[in-house]
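Engineer: Just so you know, the sequences run in chain order A and B. All the letters of the first sequence, read from the start, carry residue numbers 2 to 393 under this note's numbering. All the letters of the second sequence, read from the start, carry residue numbers 2 to 393 under this note's numbering.
It should be emphasised that the hints constitute simulated quantities derived from the structure, not laboratory data. From a predicted model like this one, the values you see are computed outputs, not experimental measurements. Please note that the accuracy of each hint is not assured.
Which copy? The list can't say, so a pair holds if one copy fits it or any two copies do.
As the list claims (entries may be wrong) - As a list, the in silico DMTMM-like pairs of lysine to aspartate or glutamate whose alpha-carbon atoms are at most 25 Å apart:
{"hint": "1", "residue 1": "Lys-179", "residue 2": "Glu-4"}
{"hint": "2", "residue 1": "Lys-217", "residue 2": "Asp-44"}
{"hint": "3", "residue 1": "Lys-217", "residue 2": "Asp-389"}
{"hint": "4", "residue 1": "Lys-170", "residue 2": "Asp-386"}
{"hint": "5", "residue 1": "Lys-375", "residue 2": "Asp-153"}
{"hint": "6", "residue 1": "Lys-375", "residue 2": "Asp-150"}
{"hint": "7", "residue 1": "Lys-86", "residue 2": "Asp-62"}
{"hint": "8", "residue 1": "Lys-346", "residue 2": "Glu-316"}
{"hint": "9", "residue 1": "Lys-179", "residue 2": "Asp-386"}
{"hint": "10", "residue 1": "Lys-217", "residue 2": "Asp-62"}
{"hint": "11", "residue 1": "Lys-155", "residue 2": "Asp-374"}
{"hint": "12", "residue 1": "Lys-155", "residue 2": "Asp-142"}
{"hint": "13", "residue 1": "Lys-349", "residue 2": "Glu-81"}
Number of protein chains: 2
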Amino acid sequence: MTEFVCAECGRESDNSSGFDRCVCGGPLEYLSLIRRGSRISLDTGCLLIDFSDFLPPLRYDSSVSLGEGRTPLISCEGPELEGFKVLLKNETVNPTWSFKDRGTYLTLLDAIKRGFSRFGTVSTGNMAASVAAYGARAGLDTSVLVSADIPDEKIRPITVYGPRVARVKGDYSDLFYKSIGSASSWGVYFSNSDVSMRVEGSKTIAFEIFLQLGEKVPDYVIVPTSSGGNIRGIEKGFRELREARLTERTPTMIAVQASGCSPIHQAFQNGRESVERFHNPSTIAHAIENPLPPSGNSVLKMLRRNGGTTIAVDEEDIIQAQQRLALRGFFVQPASATSLAAIEKLKKLGSLNGSTVVSILTGSGLKYPSALDKHPAQVIDVSIDSLDSLFR
Amino acid sequence: MTEFVCAECGRESDNSSGFDRCVCGGPLEYLSLIRRGSRISLDTGCLLIDFSDFLPPLRYDSSVSLGEGRTPLISCEGPELEGFKVLLKNETVNPTWSFKDRGTYLTLLDAIKRGFSRFGTVSTGNMAASVAAYGARAGLDTSVLVSADIPDEKIRPITVYGPRVARVKGDYSDLFYKSIGSASSWGVYFSNSDVSMRVEGSKTIAFEIFLQLGEKVPDYVIVPTSSGGNIRGIEKGFRELREARLTERTPTMIAVQASGCSPIHQAFQNGRESVERFHNPSTIAHAIENPLPPSGNSVLKMLRRNGGTTIAVDEEDIIQAQQRLALRGFFVQPASATSLAAIEKLKKLGSLNGSTVVSILTGSGLKYPSALDKHPAQVIDVSIDSLDSLFR
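Isolated chain A, as found in the complex (with noise of 0.2 Å):
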C-alpha cells in the first residue's frame, strides 16, 4: 500500500525500508488521507485527537505526551511593524522550549507502533534535548549524536535527560544519512530533522494558527529554516486544510536563513532546483546551522509551488532582532529571531503592505545564554536608602 510521495521527485513508496528517504535521495512525505468533511479543533489539547482527521494512525499515549502543542499566538506591534500585522507563534512554550517537541511525539509514537525499544537522534541543539525528553519519557534506550566539537553549555542539557551521548568525528552530513538507515541493523529509531512524521507534526503549528485566527489564514509565513522539516510541514499543514476545503487559499511561505548559511537562498536566488553545499558556515543563529540541508531540495520545490521566497538576514540584524523581540516581552535564540530580522527587511521592500504576517519563534532565549553577551547588561548600583534617587 502506497502511504508515502517523495517530497523531491513525486515518487509513491511504500516506505518498506522504513528508511523514509527516496531512491533519488529525497525525503519521503507521508500521504494524507484527506476527506472533505475533515475536521479540525482545539477541545481537547492533544494534538493527536484534535488533529486526527489530519495526522497518521498513531495511537494517542498520555503516558509518553509531554503536554507539547497548543502554543499561543501573540500580536507584535512596533514603529518598524506598521502597515501590516505581525502575530508570533511563540514555540518557546513547549515542553522542551522548542518546537521540536511537536514532531519528536509523533516519531516516539511511530517508533512505539512499529516496535521499537531504541530512539535516537542527530543533533546538538534544540532536537537532541526534545528526542532525549521523550525517549526519557517513554522509557526507551536513547542515544543522542552529536558533532565532535559540541560545547560544554550545550551538551549539558541534553545530557540531564540520560540518554546515552556519543560525540561523533566525521562528517556531519554523512552521519545524518547513515543515521537515518540504521533503523535495521541497529534497531533504533532515528527522529532526525525531516523524518516524515517530524513533517507530519510540524503540521500541527499551521492548523493551531488557523483555528487562532478564527479559521483564516494568514498571508505570510515566516519560518527560520534549517534542514527544512519545519517548513515543509507547516506548509503541508496549510495545503491539507485547503484539500479539505477548510480554507480556499494557503499563505505564501517564507524561509529565512542567516547569511552566514543559506544554501537554501542561494539556491533559490540563482534558480537552482538543488542546494549547494555552504562553506565555511558561521552564524550566531546556530539552530539553523545546517550548511546542506537534507530537505533543501524539496523546500525549493515547495516554495516555487507555492509562489514563497527565501531571506537571507545578516548577523548584526539578527542580534538587533533578538533584542528587540525581548524589548517586547519574548527572548528567543537567535535562530529564532531571524524571522523578526526578515520582517524588517521585507518591509522595506514594501512587500508586506497591509498584510498578516504569522513568525515562528522555533526556541527560548535560554537555550543560548552566551549570546546574551552580545547585549550589555546596563546595572545601577544603589544602596537602599538612596532609592530616592533611582526613581525621581
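Starting from the known structure of chain A, fit chain B onto it as the hints suggest.
Structural biologist: Structure of chain B alone, referenced to chain A:
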C-alpha cells in the same frame, strides 16, 4: 467599599493606600465575590476570560498578554511512585518559563487600570524576568531591584528585556517592604511576590487543575514555597470553587521548603503562629530561598485551616529529584524538584496511599544552568565508522 481582607488577621480594608498590606503587616487578599452559578472553562485559553467569574474586574487586554497559563497536567510514573497517582502541573511552559507569569499579567492589568506608567519588582529570579518581560510588552517604565551580590548568570536573562536594573545594597526584606510602600512616593507599581493581584493570578493554577481532572480536585497539592504567595493563591482558588459549589471538598495543601532555608516549615512544625528569620540560609533551590517570607504567617494560618502541612527536603534529595524528573522528561530548576523530593519523603511515611497528588513544577531547568554541574555528563567518543560498536 471593602474589597480586601488581611490574610493574617482577618481585618477588612479598602486598600486605599494601594500598599496591599494590612496595618498588622499581613498581606491583603482580594475579597472575591463568588456567586452561586459562577463557572469556569478552558474555552478561550485566556485566563481572564475563562475564569472571569472568579477574578477581579480587570479588563482583558490581549495587547499586554504573552499567552500565560493553560499549562499541561501530566501523569508521572515510577517505582517510587507506586500506590498513588502523581500529576505534574508543568508551569515551566509559561512565556518566561515560570509560574510567575500568571500573577505578573494580573498585576500588570491592575497597574494599567490604576493609571501607573511605572512597573517593577524586587527579585533576583523568576519574578524579575517575568516582570521585566511583561513591563516590556506593555511599554511601561520597568524597574527590577536585585540584591547587590547577584551573579551574572542570573542578571542577563533579566536585563535582556530592557528594564532598569538596580543592584541594591542593604537588607533584602527591608527592600521588599519599602518597595511595596513606595507607590505613592515614586509612582511605581511594585508587583512583588505576595501582592493581592499576584495571588489572584496563582488561583488560576487551581482552576486549571480542577478542569484538567474533569471537574475534580486532587487529594494533595504540593507547592515549593518561598514567599508564600503562590500556595496561598492556589489554595484560595480551590476554596472559591467550593464556595461556588463546584466542588464539595478542597485538596490538602503541602508547602515544601529546602532544609537549608525552611522558615515556614520550622514555624509550622513547632506550632508557632509566626515565622522567624531563618539564619544563614543555603540551598541549591535558590528560587525558594527566602529567609523571612512575607506571607509566612498567612501560610501557617492557611495550612492549619486547610488541614495541610509542611515538609523540608535535604540538598542531596533535591539534586536527586531534579535528576529523576529529568530522567522522565521534565527538566526543572532545583526549587521545583523539591516537590518530587517531598513526595518521596511522604511516601515513606505512608501518607499518600491511594491518593491523587498534584505537584507544581514552578520553573524551567534552563533558568539555572550551573545546577547541571551536579549531574555528571556521560559522553562517549566514537568515529563515524565505528558507530556499529555503539549500538551492538
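Engineer: The structure should be examined with respect to each hint, and the outcome stated for every one.
Structural biologist: Do the hints match the structure? See the list:
1. Taking identical chains as interchangeable, the C-alpha atoms of Lys-179 and Glu-4 lie at most 25 Å apart only when both belong to the same chain, with a minimum of 23 Å there against 67 Å between chains.
2. For the identical chains of this complex, Lys-217 and Asp-44 are neighbours both inside a copy (18 Å) and across copies (19 Å), given an alpha-carbon limit of 25 Å.
3. For the identical chains of this complex, Lys-217 and Asp-389 are neighbours neither inside a copy (51 Å) nor across copies (49 Å), given an alpha-carbon limit of 25 Å.
4. For the identical chains of this complex, Lys-170 and Asp-386 are inter-copy neighbours only, at 9 Å across copies versus 58 Å inside a copy, given an alpha-carbon limit of 25 Å.
5. Taking the shortest Cα distances, Lys-375 and Asp-153 sit within 25 Å of each other both inside one copy (19 Å) and across copies (14 Å).
6. Taking identical chains as interchangeable, the C-alpha atoms of Lys-375 and Asp-150 lie at most 25 Å apart whether they share a chain (22 Å) or sit on different chains (23 Å).
7. In this assembly of identical chains, the alpha carbons of Lys-86 and Asp-62 lie at most 25 Å apart only when taken from different copies (17 Å versus 38 Å within one copy).
8. For a Cα distance limit of 25 Å, the shortest separation of Lys-346 from Glu-316 inside one copy, 13 Å, qualifies, whereas the shortest one across copies, 51 Å, does not.
9. For the homomeric pair Lys-179 and Asp-386, the shortest alpha-carbon distance between copies (10 Å) is at most 25 Å, but the shortest distance inside one copy (65 Å) is not.
10. Proximity of Lys-217 to Asp-62 under the C-alpha cut-off of 25 Å is restricted to the inter-copy arrangement: shortest distance 22 Å between copies versus 30 Å within a copy.
11. Taking the closest pair of Cα atoms, Lys-155 and Asp-374 come within 25 Å of each other both inside a single copy (16 Å) and across two copies (13 Å).
12. Taking the closest pair of Cα atoms, Lys-155 and Asp-142 come within 25 Å of each other only inside a single copy of the chain (21 Å); across copies the shortest separation is 34 Å, beyond that limit.
13. Taking the closest pair of Cα atoms, Lys-349 and Glu-81 come within 25 Å of each other only inside a single copy of the chain (9 Å); across copies the shortest separation is 59 Å, beyond that limit.
In this structure, only the earlier hint numbered 3 is contradicted, and the remaining ones agree with it.
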